[in-house]
Structures are given as C-alpha cells and as structure tokens.
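Undergrad: So you can see what is in the structure, the chains are spelled out below.
There are 2 protein chains.
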Amino acid sequence: MRATGKSRHKQTPLYQQISEEIVARINKGVWLPGDALPSEMALAEELMVSQGTVRKALDELTHRNLVTRHQGKGTFVTAHTAQRELFHFFNLTRDDGRKQLPTTKRIIGIENRRGNSDECTRLKLKPATRVIFIERIRELGKRSAIFETIVLPAKMFRGLGMNDTLPNELYQLYEQQYGVTIHKAVERIGAISADRNHARHLNVQNGAPLLEIDRLAETLDGTPAEWRRSQLNTISHKYIGEII
Amino acid sequence: MRATGKSRHKQTPLYQQISEEIVARINKGVWLPGDALPSEMALAEELMVSQGTVRKALDELTHRNLVTRHQGKGTFVTAHTAQRELFHFFNLTRDDGRKQLPTTKRIIGIENRRGNSDECTRLKLKPATRVIFIERIRELGKRSAIFETIVLPAKMFRGLGMNDTLPNELYQLYEQQYGVTIHKAVERIGAISADRNHARHLNVQNGAPLLEIDRLAETLDGTPAEWRRSQLNTISHKYIGEII
DNA sequence: GAGTGGTCTAGACCACAGA
DNA sequence: CTGTGGTCTAGACCACTCT
Chain E
1 MRATGKSRHK
11 QTPLYQQISE
21 EIVARINKGV
31 WLPGDALPSE
41 MALAEELMVS
51 QGTVRKALDE
61 LTHRNLVTRH
71 QGKGTFVTAH
81 TAQRELFHFF
91 NLTRDDGRKQ
101 LPTTKRIIGI
111 ENRRGNSDEC
121 TRLKLKPATR
131 VIFIERIREL
141 GKRSAIFETI
151 VLPAKMFRGL
161 GMNDTLPNEL
171 YQLYEQQYGV
181 TIHKAVERIG
191 AISADRNHAR
201 HLNVQNGAPL
211 LEIDRLAETL
221 DGTPAEWRRS
231 QLNTISHKYI
241 GEII
Chain A
1 MRATGKSRHK
11 QTPLYQQISE
21 EIVARINKGV
31 WLPGDALPSE
41 MALAEELMVS
51 QGTVRKALDE
61 LTHRNLVTRH
71 QGKGTFVTAH
81 TAQRELFHFF
91 NLTRDDGRKQ
101 LPTTKRIIGI
111 ENRRGNSDEC
121 TRLKLKPATR
131 VIFIERIREL
141 GKRSAIFETI
151 VLPAKMFRGL
161 GMNDTLPNEL
171 YQLYEQQYGV
181 TIHKAVERIG
191 AISADRNHAR
201 HLNVQNGAPL
211 LEIDRLAETL
221 DGTPAEWRRS
231 QLNTISHKYI
241 GEII
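These protein sequences, in sequence, are chains E and A. If you use the working numbering, the first sequence corresponds to residues 1 to 244, in order. If you use the working numbering, the second sequence corresponds to residues 1 to 244, in order.
Derived from the structure by calculation, the hints contain no laboratory data. A few of these clues could be false.
A pair holds if it fits inside one copy or across any two, identical chains being indistinguishable in the list.
Straight-line C-alpha distance at most 20 Å; calculated SDA-like pairs for lysine to any residue [unchecked claim]: (1) LYS142 <-> GLU46; (2) LYS124 <-> ASP95; (3) LYS124 <-> ASP96; (4) LYS124 <-> GLU242; (5) LYS105 <-> GLN16; (6) LYS99 <-> ILE243; (7) LYS99 <-> LEU216; (8) LYS99 <-> ARG84; (9) LYS184 <-> GLU242; (10) LYS184 <-> LEU86.
Full structure from sequences and hints, please.
TA: As structure tokens, this is what we get:
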C-alpha cells in the first residue's frame, strides 16, 4: 500500500509516486530481474489508484529500461542478457558498421587488495577499503584489441576471483551471482599513447595512439559498482555515439 | 485534416499517424523552429481525434526532442539555441566535469569545390557534386584544442562562405539562414597520431595521440547535411558518453 | 479571467499469449 | 477461453502564463 491516501494537493504527481514505489521494490528485491510484476489492474487495486495512473508509471519505467512489457504476457523486470549487453552497454562497432562482442583472451591477474586513493574516490569508498582488481585482454575478431582494468568494491562481490574463470559478459555475472544490477554508466573518453605494457599485449608500437574509455557503472540506486578502464586499438573498430 | 476518417481497423495506431502528420508539417515548414503549434484542443478538432490522442502524439514528439511544451504557454517546435547546442550536441567536458563551448579561433579556409569520392559518399551525393569545405581551429579555454574539417552539400547552403565570418554555433546559422535543422548525428570515435599540420595548429608534438570524432549530421527527414571531422587534444578535456 | 498544458479517472474495445 | 498489455475516448479538475 502507498500513495498515502488521497492527500495529494500540490504534491509530486501520483504516477511518479507509483513509479518510485515500484523502483524501490525492485531495489529491495521484491521482484528480481526477469520476474513478472503484478498486472496493471492488480497494482492499481493495491496502490489505490486508477489503472491509467499505473500505466503511466510503467510507461515511464519502460522508457528508463527498467521494465519490459509484452502484450498478452505481462510486465517484467529488465535483466542483463547478452543482447542487452551488446546493444546497450557496448559502443564499439567494426568499420563496416557491424557490432561484435569482444571475447576474453587472457586474464592477466585478479587481486583482492586495498584500494588506492583514486580507486576509492571513484567508487565512493572510504580510503583503503578492499577492492577486487582485474586485468584482462580482450579480442575483437582475431585481434587482441582491448586492455582492460576493472576495479570492484570487494564487499559487493564477496568471493569473486576465487574460481579463476570469468565469463565474457561480466554484467550478467554481477547480476546472477552477486545480485548487483548495473543500470547506468558514464564514460569519459580520451586518446593516449601506448606504453610498453600496451605494446606487448596489443601488438602495437610503443607510442601508438590508443582510445581510453574510463567507465563508472552504477546500480539502480546510484551506488558505484564498477570502475573500468579500457585502452583499445581503433584501427578496425570505432566507438559509436548517437545524438538524437 | 487527416487520420483518414475512422477506417482504423488493425492499422498503425492513431496517435502515430497524428505524430507523423505533425512531423510532416514541421518538415514542410508549416510551423518553423520556435513557432507555437495549435493547442491540443485545436489539433484534436482539426484531426478529428480526441484530445488524449493528440496528447499522446505530442508526448512522443517531446521525447524525440522535436517539440517543447510549457504549461500555460503552449507547444513549440524545438529550435537550436546555444543551450541546446551545448547540452545536446556537444559532448566534451573539462576534466573537472564542467561543460564549456569551444570558440572559433581561426578559419583556415573556406572553399566551394567538387566533392571527392569520400565526401560525396558520406553525404549521399552524386559523384563530384559541389560541396562547401571549411577548416578551422577551435579553442577550449585558452588552448587551441580542436582541428575541425566540415563538408556541406553546396546546394543546401547556397552562398555560405561569401561573407567570411562564421558564428560559433554553426547549427543555429544553418537553421536561421538556410532553413536546415540538424536533428540527429552519429559520431564514430577513434584515436590517431598528430601529423605535422595538427602539431603546428594544436601545439602538440608530432605523433601525439589525438581523439578523432567523425560526425555525420542529418536533418529531420534523414538527409545528410554535414560531415564534420574533429581532431582534438584530450589532455584537459574528455568526450562524455552516458549509458542509461 | 481565459487559455494553455498536466494529472487523474472510468470505461470500452482491440491484439496478443497461453492453457 | 481468460488474462495480459495497447489504444482510444470523454470528462473533471489542477497549475501555470498572460492580459
């Protein structure tokens, strides 16, 4: 029950209260990713509003990619699938325009250690909090193209790295094994020169230009959950941004 | 008048027909950027649908950034303002997170000539069609940071370049002087090495890493209107991409 | 006050999925 | 067949802007 009776004079719109309530419940795990929500009618009855108001709330959540609706079936909490990972959280395409997920070629290392100052600041952790640190090389096609450094708050991912195999799509792992759903990410992109390490792993010359993508990913409630830096060779792939 | 009477059995939804009709009219120039549309009631009456259906159509156009609505005032065709240019079509921020529009420092040249093969292909023109070619240097803060190459179809911008002053916000010029409204852009981003030309104009060493943004901008009906390549120094500014 | 968009409701009918 | 979401309508009331 919500919407605090009918005391809605000059407050935030009812449908926003409803959508916030639904977000809160998803956050609390009342409905897990992939689960079906109650029907519009059921929600309307429980929350004591009209069906139209519930619909408007759900439409908003649909636009925010939080739920997915299917006529005749129901409303479902959006889950991380390979599809979603590819089309929503991966912005590299081949020069012919086709998209292609990279595959992990080699994991250079996984450590569980105290985070340094940068890491704790970016992840909004107290200084010297424990983090999980992963370095890996990813392939695009048959070319080693991406050198990736990932930093995670150890508390949110207890035990990660004990079994040394990592899947290709990390966000699915986060969601299914650790209950951490990545919902939003901000990327800051610049150009850097390849150092010896890059040169060795990516088969480029020392000083070659690389694209650096610095991505901070957050959960639904805004908690930073992953800091990822990718240095990549853009000879045959480009980063895509669309402005509409 | 539209919506072809009430012969709507298993067709595209009415509200989509309405929004397409409104888009078509904006395209034809019935309402120019900045103009007010008729009120919901007026549109509903003219198009013979209910106010709610017009509302749904207008909501869609609002999400597509095609119109802007203000309670108590009306519905307006979105126009290119400096604000819009900054927050919608400019993805660079300073490393402290603040946004700042670049200023034109120097125009290296403006030519009206036949397009080469690449240029005509990207702009979907017949081979050797005339284009306007602009090269300029832009400053971020006090640093010469961006080397920019712009190619335009000469037919759409007759006379541009005759008076040698160009404003900072080109998209406003396109809209106000030539009736060309940029509505969508696709950017492909990679890393390159500075050549002698870049080194001279951007005050970097030969071979320094630069970010290259290749942007193709389109009008409302999908016609390519501008091909722009920007090579920039990302020492103190980064490209921002947000994923939600 | 008159006119605009914003919210909320109630009800009818359609299209789709699954038992 | 039942239940789901999708479309469309009609009407009431609120909040904001301008005159």
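Undergrad: Hints first: check each against the structure and report whether it holds.
TA: Status of the hints after comparison with the structure:
no.: 1; hint: LYS142 <-> GLU46; in the structure: neither (54 Å within a copy, 59 Å between copies)
no.: 2; hint: LYS124 <-> ASP95; in the structure: between (37 Å within a copy, 18 Å between copies)
no.: 3; hint: LYS124 <-> ASP96; in the structure: between (39 Å within a copy, 17 Å between copies)
no.: 4; hint: LYS124 <-> GLU242; in the structure: between (29 Å within a copy, 19 Å between copies)
no.: 5; hint: LYS105 <-> GLN16; in the structure: neither (45 Å within a copy, 47 Å between copies)
no.: 6; hint: LYS99 <-> ILE243; in the structure: both (18 Å within a copy, 17 Å between copies)
no.: 7; hint: LYS99 <-> LEU216; in the structure: between (22 Å within a copy, 19 Å between copies)
no.: 8; hint: LYS99 <-> ARG84; in the structure: within (12 Å within a copy, 30 Å between copies)
no.: 9; hint: LYS184 <-> GLU242; in the structure: both (17 Å within a copy, 8 Å between copies)
no.: 10; hint: LYS184 <-> LEU86; in the structure: within (14 Å within a copy, 22 Å between copies)
The structure fails hints 1 and 5 (numbered hints given earlier, in ascending order).
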